[in-house]
Structures are given as C-alpha cells and as structure tokens.
Amino acid sequence: MKEKYRRICLVIIFIITSFSVFANLPPGFPTTAVILPDTLADKFPYYTDNEVCFTCHSSARYDYQNVETGKHLRRLMPNDKILSREIYYSSVHQNFSCTDCHSSEFEKFPHPAELIFEEHPTCIDCHGGDESYAQYHFEEIEIEYRQSVHYGHEGDGFSCWKCHDPHGYVPTVRRSDDFSEIVMFANDMCLACHTNFDRYQLLTDHQELDIIQTHEWLPNQALHFNKVRCIECHTRINDTILVAHQLLPKSEAVQRCVECHSQNSILMATLYKFKSREQRKTGFFNGIIINESYVIGANRNEYLNILSFVLLAGTFFAIAIHLLFRVILLNKSKHGK
Amino acid sequence: MENKLYLYPKWIRSWHVLNALLFIVLIATGLSMQYAGASGWLLPSGADSTAGFFLMSFGAAVKWHNIAAIILSANFLFFIIGNGITGNGKHYKPGEKGLIKNLYKQGRYYAYGMFKGEEHPFPVTEKSKFNPLQKVSYILAMYVGMPLLILSGIAMFFPEFIINKIFNISGLLINDLVHVTTGFILSLFMIIHIYTCTLGTKSSTLFKSMITGYHEGH
Numbered sequence: 002m003k004e005k006y007r008r009i010c011l012v013i014i015f016i017i018t019s020f021s022v023f024a025n026l027p028p029g030f031p032t033t034a035v036i037l038p039d040t041l042a043d044k045f046p047y048y049t050d051n052e053v054c055f056t057c058h059s060s061a062r063y064d065y066q067n068v069e070t071g072k073h074l075r076r077l078m079p080n081d082k083i084l085s086r087e088i089y090y091s092s093v094h095q096n097f098s099c100t101d102c103h104s105s106e107f108e109k110f111p112h113p114a115e116l117i118f119e120e121h122p123t124c125i126d127c128h129g130g131d132e133s134y135a136q137y138h139f140e141e142i143e144i145e146y147r148q149s150v151h152y153g154h155e156g157d158g159f160s161c162w163k164c165h166d167p168h169g170y171v172p173t174v175r176r177s178d179d180f181s182e183i184v185m186f187a188n189d190m191c192l193a194c195h196t197n198f199d200r201y202q203l204l205t206d207h208q209e210l211d212i213i214q215t216h217e218w219l220p221n222q223a224l225h226f227n228k229v230r231c232i233e234c235h236t237r238i239n240d241t242i243l244v245a246h247q248l249l250p251k252s253e254a255v256q257r258c259v260e261c262h263s264q265n266s267i268l269m270a271t272l273y274k275f276k277s278r279e280q281r282k283t284g285f286f287n288g289i290i291i292n293e294s295y296v297i298g299a300n301r302n303e304y305l306n307i308l309s310f311v312l313l314a315g316t317f318f319a320i321a322i323h324l325l326f327r328v329i330l331l332n333k334s335k336h337g338k
Numbered sequence: 034m035e036n037k038l039y040l041y042p043k044w045i046r047s048w049h050v051l052n053a054l055l056f057i058v059l060i061a062t063g064l065s066m067q068y069a070g071a072s073g074w075l076l077p078s079g080a081d082s083t084a085g086f087f088l089m090s091f092g093a094a095v096k097w098h099n100i101a102a103i104i105l106s107a108n109f110l111f112f113i114i115g116n117g118i119t120g121n122g123k124h125y126k127p128g129e130k131g132l133i134k135n136l137y138k139q140g141r142y143y144a145y146g147m148f149k150g151e152e153h154p155f156p157v158t159e160k161s162k163f164n165p166l167q168k169v170s171y172i173l174a175m176y177v178g179m180p181l182l183i184l185s186g187i188a189m190f191f192p193e194f195i196i197n198k199i200f201n202i203s204g205l206l207i208n209d210l211v212h213v214t215t216g217f218i219l220s221l222f223m224i225i226h227i228y229t230c231t232l233g234t235k236s237s238t239l240f241k242s243m244i245t246g247y248h249e250g251h
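Chains A and B, in that order, give the protein sequences. Sequential numbering from 2 applies to the first sequence in this note's numbering. Sequential numbering from 34 applies to the second sequence in this note's numbering.
In short, the hints are calculated from the structure, not lab data. Even for Gly, the Cβ is constructed at its ideal location relative to N, Cα and C. A hint or two may mislead.
[Said to hold, decoys possible] Some residues of chain A that are not near chain B, with every Cβ distance over 10 Å (derived):
id : residue
1  : Pro46
2  : Arg176
3  : Met185
4  : Thr205
5  : Asn239
[Stated by the list, open to error] Derived PhoX-like pairs (lysine-lysine); straight-line CA-CA distance at most 20 Å:
id : chain 1 : residue 1 : chain 2 : residue 2
6  : B       : Lys149    : A       : Lys333
7  : B       : Lys37     : B       : Lys160
8  : B       : Lys235    : A       : Lys333
9  : B       : Lys235    : B       : Lys162
10 : B       : Lys162    : B       : Lys37
11 : B       : Lys134    : B       : Lys162
[Stated by the list, open to error] Anything over 12 Å on all C-beta distances counts as not near chain A; from chain B, calculated:
id : residue
12 : Pro42
13 : Asn52
14 : Ala94
15 : Tyr137
16 : His153
17 : Pro154
18 : Pro156
19 : Thr158
20 : Glu159
21 : Lys160
22 : Tyr171
23 : Leu173
24 : Met175
25 : Met189
26 : Thr238
27 : Met243
Take the sequences, apply the hints, and build the full model.
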C-alpha cells in the first residue's frame, strides 16, 4: 500500500516539475522529456531555468517541432554541445544560470544564427578585481597565461576554456587530498588536445606530436605520467599562485632529473606546494611526497642517512685500529727476534 | 712450509672479478642517484653536473646502474648454477655443529689470537676453504643479500608491478628502502671483505690467490 502511495506521489511530482519546465518553452522549442531529480531542483537555484537548455544539450539527440510545417523532427546534437548535468552540478559554476554567461537570445529556438559569433567571458572577466576571489590571484594567473606558449602561439584563438571546461571545472588541487586524482585531472586537460589530433588541429597547424616518443628519454615513463602532472616540467614555477600557468616552450621544459630527484626537489614547489605545510612524514627529506610516492634522491631518510655514515665510519675505524695493531706487532716481532 | 692448494677454478675467479667490478660501478651510480643534486668534493657540484670525483649525473647514473645491475644479476645466476653443477656450493653449507662456538673462536683469533701469534683455528683445506665467519658472512651476502637486492632492483625496473600500499605504507617506499639498505650493507661487507683479504701470510697473498687460483699459506 505504501509502495503504491509512493508511486502516485512520484508521478504527481514528475508531472508538476515537467510542466514547470515545459511551461517556459516557446513554441517549437524541443521537448525531449526528462525526469528531473527533485533533490537537485531544490539544491540549485537555476536548475529549473537551466533545464530549458539541458533538455536538448544533455543528450545525443533532440526532438523539436517545425513551427511552419508542424512536423515533429529528431536531430543529432554535435558532440561538443552535449553537457552532463551531473558534471555541471558538481562544478564550480553549479549555481549559475546558463544565461549568466551565454546570451539570453539562446532562449529562442531555433537559436538566432548570429549567436555562433558569441564571445565567451574568460575567467578574469568575472573573477578579476573581485575581493572575494583575491586569494586565488586570478590577475596573476592572467599575466602568466599571457606569457605562456599557448597564448604566444595562438593569441586570442586560445582561451581559458581550451583547458578548463566551464561546465565541469572543479578546483581539484584545492579540494582533493588524493594526489592520483589531482594528477589525473590535470593531465587529462593537456592530453585532451595533445593526444587528440582533431582538437589539436583547432589550435595549430603543427603535425600531431607523439607524446610517448617525445618523452622517450624519460625512464619509467608510465610511472612518471601517473605520479606527476605535465605542468611540473612544462611550466615556470610561481610562488604566488597555487597552479603555475606559464606553459613553457618545449625547449625550456625540465629535462634534468635532479630538478625533482634531489633534496631540493621542485616537486615541493609544484605538486606538493601547499600540502607540504599540512602533512609531514618525520625523518624523510621532502616527507610529504612519501604519502603518495617515492622519488629517488628526494626522499632520503634522515635517520638512515646518519646511521649509514656512523656505520661506515665505524667500519673504517675498526679496520684502522686492527691495522694499527698489526703494524705495531709486526714492528715488535721484527725488532724482538 | 709452503702449502699450495688449487681452490679457485677459472669460473669462480671470473665470476668474482666481474662481481667486484660491477659492485663498484653500482655503488658509484647508486650513490649518485641517492645524493643527486647534493654538493661536496665527492659529489657533482650542481644539478646534473659531472664534476664529482667519484659520482656522476643522475641521468648517467640511472643508465649505468641499470646496465651494471642486469649484468650483475646474470652473473649471480651464473654463480648459483656454477655452485650447483661443480659442487662448490657445499662450501656454503653451515650445517656443522657448534657453529656459534666456532664463530667465537674465529672472531677471537681475528681480534686477539693473531696478534699473539696463535695458529689459525680453521686452516684452509680442500674440503673446507672458508672459516666459520667467512661461511656465515658469505651465505648472508650471497644467498640473502644478493637475492633481496636483485629482486627489489627488478621491482624498481618494473614499478607498475609493485603493490601500491602495504599496511598503508607506499610499496615503492618499502621496496626502495629494502634496496638501498641491502645495497649499503653489502657495500660494508665488501669493504670488510677486501680488508680481511689482507690477512693472509702476506698482505698480498690472498689477492694473488684470486688471480692464480692457488691458495697459499695457512
């Protein structure tokens, strides 16, 4: 009986929420049915408004009615226009309305043709000069970005959004304690273009690069790719911002092993920058790294270091004493007999 | 009285000299990696500099460490197989009774007896070419230390196979500590081994034995 009652309630909620979405749609607007998770609608202020867009832009196809002929039609949605609700509502921009960044003209369907030339705001357009974001140093990020090889090569053709998806961006470095997640999230941004020729061609006329081959000099390549971010070697270290944004030309990338594999490892100023103040493993140089990895040369154990010097010195001392006795006795026997 | 015994056939001498040379390369390259970027008269003066007296750049160290380690592992296999085929392995069996007492006797001789002109407590014979101290230290070095060193080294060659966490401690860390510690202990063993080789009838006698194959003296 309870189950039956629950089902009736769900149907009523579905009808009401569906109606509230579709009630806003202009004539001819696509009406592909979607079930709204009501918990999300309660949680995010623009959830219902945004459904006007998500109704089509969350699936591979969309249905609409041709207002002139009255025909019902079905079309494929281009891949780069398909968004995921789950990802969007987990991202930093989850509380935004689509029309906060996009033209309100998109509320018309068919969308006006001139919208294809719509300029998208970049990070600094919203976050620049804003006190509430001062701690993230967006202005510094902008300066670094304009000095980076990406901006240098592509100028205005490149933008924040080429790497950071505005519909899914999560500040993983700040939010996550899982370094594997941080590394994977960061490297996925680079590999999205640097291993995908279609995307790569959007920005350059260069031939596709073979990442595996260009990194052939790097021992244990797979381990490096899994444990450190591309930007550890491919950006200039910046003390102010959490993640360096000045992508360097290939010729200036770090290729000297000791930059990481030493007591003064640059990893402490990059990947482990802020975490290093929070967690330490007593006794190890650059101990924070040991929570996640082990870097030869950077993670010597202080106590084992001392112990090894003591044992080595002790061994030589014992040998010296033994040798001394042998020499003394040899002299004695020479002079005595 | 001159007592000459042919104890070290060619295959053992070849294995031994190769093992010694490779170990020196492995110590130099291992230290170069462990202390990469540090400075000092023994060390390269800067990042990837080759200005050190004994050590080298990290990149070169990795390459030569790997090459020497592969040859060392093959040489170790050669030693184990050789011991099995020729019967040389019997010298590494500790099975005798009173081992602790014999170890004490040999230790006392090195620390005291030899200075008093006492006779060697365990003279070298064809059936027993190692004294109890040699036997125990060689067993530990060759049958415990070397396999540990080689296995942990192979694991570092293929780190993707190392268990990520062992009791919530990084598997890489444990593996590396085992490798570095074992390498260090075997290096100490080598230093002591070289010194004890000066304890023959003359300081050079035992070194000569490893070239000619003939053991002279006690």
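(Q) Please check whether the beta-carbon of Tyr137(B) is more than 12 Å away from every beta-carbon in chain A. (A) It holds; Tyr137(B) is separated from chain A by about 17 Å at its closest Cβ, greater than 12 Å.
Q | Consistency of the no-contact label for Glu159(B), given chain A and a CB cut of 12 Å | A | Holds: least Cβ distance 28 Å, greater than 12 Å.
Q. Is the nearest Cβ of chain A still more than 12 Å from the Cβ of Met175(B)?
A. Nearest chain A Cβ is 20 Å from Met175(B), so the label holds.
Q: Quickly compare the C-alpha distance for Lys37(B) and Lys160(B) to 20 Å and report which way the hint goes.
A: 14 Å, holds
Q | Claimed clearance of chain A by His153(B), with the beta carbon kept past 12 Å | A | Its Cβ never comes within 12 Å of chain A, the nearest being 15 Å, so this holds.
Q: May I ask you to check that Thr238(B) keeps its beta-carbon over 12 Å from the closest beta-carbon of chain A?
A: Non-interface label on Thr238(B) holds, nearest chain A Cβ at 14 Å vs cutoff 12 Å.
Q) Holds or violated: are the alpha carbons of Lys235(B) and Lys333(A) at most 20 Å from each other? A) Holds: Lys235(B) and Lys333(A) sit about 17 Å apart, inside 20 Å.
Q) Is the Cβ of Leu173(B) farther than 12 Å from every Cβ of chain A? A) 16 Å, holds
Q: Decide if the proposed pair is consistent with the structure: Lys162(B) and Lys37(B), CA atoms, cutoff 20 Å inclusive.
A: The hint holds at about 12 Å.
Q: With 10 Å as the threshold, tell me whether Pro46(A) passes as away from chain B on beta-carbon distances.
A: 42 Å, holds
Q) Between Lys134(B) and Lys162(B), does the CA-CA distance stay at or below 20 Å? A) 18 Å, holds
Q | Non-interface claim for Met189(B) versus chain A (Cβ beyond 12 Å) | A | Met189(B) not clear of chain A: closest Cβ-Cβ about 8 Å, inside 12 Å.
The structure fails hints 14, 25 (numbered hints given earlier, in ascending order).
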